[in-house]
Amino acid sequence: MPALAPGRWVAVALFGIVALVPAGVRDAYLLDSVILILLWGALSAAWNVAGGYAGQVSLGHAAFFGIGAYSAALMTARFQQSPWLGLMLGVALSIVAGGVIGYLSNRLRGPYFALSTIAFSQVLLIVASRWRGFTAGSEGIPVPFRPGFWTLGLGHVAWVYLALGVAVLYYGVAIWLETSRVGYQLAGVREDEDAAEALGIASRRLKVYAVTLSAAMTSVVGTFWAQYVGFVDPFYVFSIDLSVRFALNTIIGGIGTGLGPFLGSLLITSLETYLRATFSGMKTGFAGIYLVIYGTALILVVRFVPEGLTGLAARLRVRSSRAHA
Amino acid sequence: MLTLERVTKRFGGLTAVRDVSLEVREGDLLGIIGPNGAGKTTLFNVISGYYRPDAGRVLLAGRDVGGEPPHVICRLGLTRTFQIVKPFGNLSVLDNVMIGALTHLPRVAAARDEARRVIDTCGLGPYAAARARALPVGLRKRLEVARALATRPRLLLLDEVMAGLNPTELGGIVALIRRLHAEGLTLIVIEHIMAAMMRLARRIVVLHHGETIAEGRPDEITRDPRVIDAYLGEEFVLAEA
Amino acid sequence: MDPARRLGPAQIDVVAQLGVSTVLLGGIYALVSVGLTLIFGIMRVVNFAHGEFLMLGMYVAFWAYTLLALDPYVVLFVSIPLFFGIGVLTYVLVMRGVIHASHNVQIFTTVGLSTALQNAALVAWTGDYRTVRPWHSAVVIRALGMAFNLSQVVAFAIAVALTLVLFAFMKWTHTGRVMRATAQDHDAATLMGIDTDKVYRLTFAIGIACVGAAGVLVSPLYAAYPTAGLQFVLLAYVVVVLGGLGDMLGAMLGSLIVAAVEVVGSYFFGVAWKEVFYFVLFIAVLVLRPAGLFGQRGAETLGV
Numbered sequence: 005m006p007a008l009a010p011g012r013w014v015a016v017a018l019f020g021i022v023a024l025v026p027a028g029v030r031d032a033y034l035l036d037s038v039i040l041i042l043l044w045g046a047l048s049a050a051w052n053v054a055g056g057y058a059g060q061v062s063l064g065h066a067a068f069f070g071i072g073a074y075s076a077a078l079m080t081a082r083f084q085q086s087p088w089l090g091l092m093l094g095v096a097l098s099i100v101a102g103g104v105i106g107y108l109s110n111r112l113r114g115p116y117f118a119l120s121t122i123a124f125s126q127v128l129l130i131v132a133s134r135w136r137g138f139t140a141g142s143e144g145i146p147v148p149f150r151p152g153f154w155t156l157g158l159g160h161v162a163w164v165y166l167a168l169g170v171a172v173l174y175y176g177v178a179i180w181l182e183t184s185r186v187g188y189q190l191a192g193v194r195e196d197e198d199a200a201e202a203l204g205i206a207s208r209r210l211k212v213y214a215v216t217l218s219a220a221m222t223s224v225v226g227t228f229w230a231q232y233v234g235f236v237d238p239f240y241v242f243s244i245d246l247s248v249r250f251a252l253n254t255i256i257g258g259i260g261t262g263l264g265p266f267l268g269s270l271l272i273t274s275l276e277t278y279l280r281a282t283f284s285g286m287k288t289g290f291a292g293i294y295l296v297i298y299g300t301a302l303i304l305v306v307r308f309v310p311e312g313l314t315g316l317a318a319r320l321r322v323r324s325s326r327a328h329a
Numbered sequence: 097m098l099t100l101e102r103v104t105k106r107f108g109g110l111t112a113v114r115d116v117s118l119e120v121r122e123g124d125l126l127g128i129i130g131p132n133g134a135g136k137t138t139l140f141n142v143i144s145g146y147y148r149p150d151a152g153r154v155l156l157a158g159r160d161v162g163g164e165p166p167h168v169i170c171r172l173g174l175t176r177t178f179q180i181v182k183p184f185g186n187l188s189v190l191d192n193v194m195i196g197a198l199t200h201l202p203r204v205a206a207a208r209d210e211a212r213r214v215i216d217t218c219g220l221g222p223y224a225a226a227r228a229r230a231l232p233v234g235l236r237k238r239l240e241v242a243r244a245l246a247t248r249p250r251l252l253l254l255d256e257v258m259a260g261l262n263p264t265e266l267g268g269i270v271a272l273i274r275r276l277h278a279e280g281l282t283l284i285v286i287e288h289i290m291a292a293m294m295r296l297a298r299r300i301v302v303l304h305h306g307e308t309i310a311e312g313r314p315d316e317i318t319r320d321p322r323v324i325d326a327y328l329g330e331e332f333v334l335a336e337a
Numbered sequence: 076m077d078p079a080r081r082l083g084p085a086q087i088d089v090v091a092q093l094g095v096s097t098v099l100l101g102g103i104y105a106l107v108s109v110g111l112t113l114i115f116g117i118m119r120v121v122n123f124a125h126g127e128f129l130m131l132g133m134y135v136a137f138w139a140y141t142l143l144a145l146d147p148y149v150v151l152f153v154s155i156p157l158f159f160g161i162g163v164l165t166y167v168l169v170m171r172g173v174i175h176a177s178h179n180v181q182i183f184t185t186v187g188l189s190t191a192l193q194n195a196a197l198v199a200w201t202g203d204y205r206t207v208r209p210w211h212s213a214v215v216i217r218a219l220g221m222a223f224n225l226s227q228v229v230a231f232a233i234a235v236a237l238t239l240v241l242f243a244f245m246k247w248t249h250t251g252r253v254m255r256a257t258a259q260d261h262d263a264a265t266l267m268g269i270d271t272d273k274v275y276r277l278t279f280a281i282g283i284a285c286v287g288a289a290g291v292l293v294s295p296l297y298a299a300y301p302t303a304g305l306q307f308v309l310l311a312y313v314v315v316v317l318g319g320l321g322d323m324l325g326a327m328l329g330s331l332i333v334a335a336v337e338v339v340g341s342y343f344f345g346v347a348w349k350e351v352f353y354f355v356l357f358i359a360v361l362v363l364r365p366a367g368l369f370g371q372r373g374a375e376t377l378g379v
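Protein sequence lines, in the order shown, are assigned to chains A, B and C.
Residues 5 to 329 (the working numbering) are what the first sequence spells out, left to right.
Residues 97 to 337 (the working numbering) are what the second sequence spells out, left to right.
Residues 76 to 379 (the working numbering) are what the third sequence spells out, left to right.
Worth flagging that the hints you see were computed from the coordinates, not collected in a lab.
Here the structure is a predicted model, which means the values were calculated and not measured.
We put the CB at the ideal spot given by N, CA and C, even for glycine.
Mixed in with the good hints there might be a few duds.
[Stated by the list, open to error] Listed below are the simulated EDC-like cross-link pairs for lysine to aspartate or glutamate, each with C-alpha atoms no more than 20 Å apart in a straight line:
#1 B:Lys-182 to A:Asp-245
#2 B:Lys-182 to A:Glu-197
#3 C:Lys-246 to C:Asp-260
[To be verified] To spell it out: a stretch of chain A is covered by chain C in this simulated footprint if at least three of its residues, at any positions, have a beta carbon under 8 Å from a beta carbon of chain C; those stretches are:
#4 40-53
#5 118-128
#6 224-238
#7 297-303
Working from the sequences, and respecting the hints, build out all of it.
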């Protein structure tokens, strides 16, 4: 991917503003929105490593999210250990699971791969929701709140900075994938595996690495999310909707770009928060209207603006600079 | 440098390549011709690691590489272009070539410089920033060559890089191949069009139904009755000279 | 265990009951899956929104029953043309523009459609479980020591009949042959003057009509809710992959296999775990025999 220099400035500005938010804002509701935007952005950025940079479109990334969420929740609720240990366990398990999915990506292409990832996340969903003795089954697990950094019992401001840290780190991974040797080679694999092989690139191994990295990154945010929200529900954390949402944020923002997942998250999470607030008093289910908008937006974006918001911005910039010339 | 010993490749009941033996020495410019479906591309796919031979050996600098994946073979100094070009469509011409250069130059900046140099050699300089998918077919064929060259191969396999080109483009690519050969690169060139090959290769192998039916100098080949038989009904190809 | 006891009448009854349950369930699964495999076989698109049309079919039956007191079997006659029309509309508005696009674009288009339809149902009809309880769902048929719900038997019979009609249509009519020709080679079909756009429109409409009919047929058996399509479509993916994507006969055999796995698995391990079996089967087949149990080539890695 050619580097979008202006995009970097937008990213610096966005993350900079977020860093300043807690200084001026004490409203828990607004801080909550900021945290969710960052976490969703980081999740989408994690998905983007596989779906965007490696071109392996997964509809089962919720599996890794759930692994991270459950590892930490069980570690804290059942074993009274630090969620950070759960985070590490989640990463380890996701590396294994990601390796399996990565292996599948070498055997299966396009819709077959997407179907296999859905099946994978569904198996985990069934296990998590039916293995009552260990996971508490479909009731889910409340995550105990114990104040302190080691226990991830943090206030809103601390959460903003933690989420920001993850977001910036993941943005950095994206930049690395756009500028490093491995990143260029991965782009080659995404564009044409056979041609990449002819140029000396071990394409299969590289794809497995990318999917595994993406899985581990997703798991980390899964852990933070569970600790932040305080509850793990198997039907949510392993849902196909969640997997779709990672992809959706990324595609609307700009697939295969560093900033795209964060822009998509900003737009969609804000829209969701606004609509939920506006329609929450109305008859049940009406808050779901934002999902109707998403779905429709997804159809329209892949058809008419496949490069997403970042691509649209680049297009407009070219047009305006031509107009000025 | 490259030796094929009775290489055979079958697909189900169909034998695409049967008992083909070849010897390519350092500095050779070998041509492989044959009618459509003769097994030329299949042979390339076997040599470059895309297919595992069902029988026989592929020796690259004495090492049996049959069944090794393409990226390993590339790193041993053999790479190829594709008949149906496979550009990294969404990347720029420069990035395409740079990905080739990164194979032996781990630093991105160094690889970019090398890519610029190779692009200039191949006459793609003015298109460095263009998206690969936006190039016309003649330039895409050049891009295939440039990208392969960037990996610094010692042996380069060109799969129909001349097909579908207009006379000007054809002249350009023939000149490029000659220059690369003069600079010491060993080449195997597949071509369906005999005429272009006659001007280029010193030694030609003719494949028909997966088997070698003739081998020799261009003038010998054109007189060989088996070759004429094989191309029967395809005279227009010979006549395109 | 002594052999005489193993072969006692009670055991034979269990086997018979499991066998008949498998066939009944398999027939319904076949109708759900056949549209999916038809659309894939001819258009090379995996319709990730397939389950949502099933869900819509269930709602159509529910509202017809609740508001107009119409029996689902009566509704069926209306729903087939209705869903055929919905299929045409969906093709024209959504699918036509991406029919030649990349896999990823197609995946996200149908995923987007799925999300939109699911949530449109949620907004319009809330997340409540809606059940249809016509008289036949309370009738129990007892035969040979087995018990079956009449709705289940009728659903099976109609599903099999519809699937066979579709089969015959594809095999023996001119249009069916044209559709199969397009599936084999899109470019050649175009060259021979086949209007492929029309073929795709018809294919999509037939596929949606099948799944819509399936939705109506299962309405007396399963509750309708916005994500009701999901459980069916997931097993339809399994069915279709087992049978080989695009292979209609394979889809029927796949339906029976999935139904058998479900019925036998539930019997031995409890209903809670039944999906695990077919998902594991699914992943195993994808890895080991990606072209399906009866398929021949590696379609999954080639041009698909």
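Status of the hints after comparison with the structure:
no., hint, verdict
1, B:Lys-182 to A:Asp-245, "violated (35 Å)"
2, B:Lys-182 to A:Glu-197, "holds (9 Å)"
3, C:Lys-246 to C:Asp-260, "holds (17 Å)"
4, 40-53, "violated (count 0)"
5, 118-128, "holds (count 8)"
6, 224-238, "violated (count 0)"
7, 297-303, "holds (count 6)"
Going down the numbered hints, you'll see the structure goes against 1, 4, 6, while the others check out.
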